[in-house]
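Trainee: The listed protein sequences correspond, in order, to chains A and E.
All residue numbers for the first sequence refer to my numbering, where the first residue is 1 and numbers rise by one.
All residue numbers for the second sequence refer to my numbering, where the first residue is 1 and numbers rise by one.
Among these hints, one or two may not hold up.
As the list claims (entries may be wrong) - Only part of the chain A face toward chain E is listed, based on derived beta-carbon distances under 7 Å:
(1) Ala77
(2) Leu171
(3) Ile174
(4) Pro176
To be clear, the hints were calculated from the coordinates, so they are not data collected in a lab.
Keep in mind that this is a model prediction, so the values were computed, not measured.
Beta carbons are placed, not taken as given, at the ideal position from N, Cα and C, and that holds for glycine.
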Amino acid sequence: MFRLWKIFSKGLIMENPIFVLALSLCPALAVTTTVVNALTMGLSVMFVLSANNVVVSLTRKLVNHKVRVPIYITSIATIVTLVQLLLQAYAPLLYKDLGIYLSLIVVFAIILARAEVFASKNSVVPSFFDGFGMGCGFTLAMLIIGTIRELVGNGTILGYNILGHAYQPALIMILPPGAFLLIGYLVGASKLFNQYLEKRQKARGEVV
Amino acid sequence: MNDYLLLFIGAVIVNNFVLTRFLGLCIFFGVSKNLKASVGMGMAVTSVIFISSIFAYGVYNFILVPLHVTFLTTIVFVLLIASFVQLLEMVIRRYLPALYKMWGIYLLLIATNCVVLAVPLINIESNFSFAKSLVNALGSGVGFAVAIILMASLREKLRLAEVPKPLEGLGIAFIVAGFLSLSFFGFSGMIK
């Protein structure tokens, strides 16, 4: 149980796909203009990541090592297509907002990386938790970026006005340059935070 | 003619691939540490986008549409492009070893990359004709090359600057890209 929690939780902060591993940055910048878009993208990626890890792990003994990458890609593309069809049917507006970035989940480095590094070597349950944890970390990062951008750039969160009408929205945060600047500072902040965690762990280790 | 010119300039500057559409960021930040590598990468990406757009246009209009299986577009395009790039790599390695030495590694990096997949998808989404698809592909590739070469030149200068410790590396690269993007933003509104 503890092992599973460890597998799950490493994706949240210490190995956060966006801030620390710097994988799959395109969507983190492109679809985070509002919280809703960021959340939908995050959940889609979480679903694809966990489902693909399960598929890869289930078939890990059947797949010839030499052709594994095309097989992974096919599996990912199939799951992404499922998500696309589902969103198109039940949330057509969101589907339109996410647009091309939804198809591009197929080539997110993080999904292929988890299949290769983790799922192809571990059994189903740990693989699921690895994908789920990484997906949660991804969603968390998307939410943080989406919330800051919507709040500063539009004065709202989830469409509700938070900062009042006197607030002059800083439009740049919704525009592309703001996304780059924000991520730059967030990467720096997460580096500081992880350094702090490591230091604390070291200090504790010495005491014990 | 005017139409095509506007489309080309639009793809290069106004809707710059990296700086306003955020595609190909992994390569953009990974390779732009080195100016020479950036030039090679820009050229490799441009040619792969151009050729895969041709293939994608053919496959979509002559296979997927007649069979009514357009929902398979994503799967088919990914496999098409990945296998095409692998093939290209083999051919270049066999017949043009000098070029392979310059480009080889980049080709493999491009194989499953969002830039190369995105352009054919955008072409289809916008209902471009064959000629327009080609112009858009060329423009997107050149736009990518311009952005990555600019970024590499900036980062070579950056090496001499004193950067706050937590921002070193990726952090400052993003902030610089932000300012670069801001300057490209000045072109918006030039073309609708």
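Trainee: Which of the listed hints are not met by the structure?
Mentor: Hints 2, 3 contradicted; others consistent.
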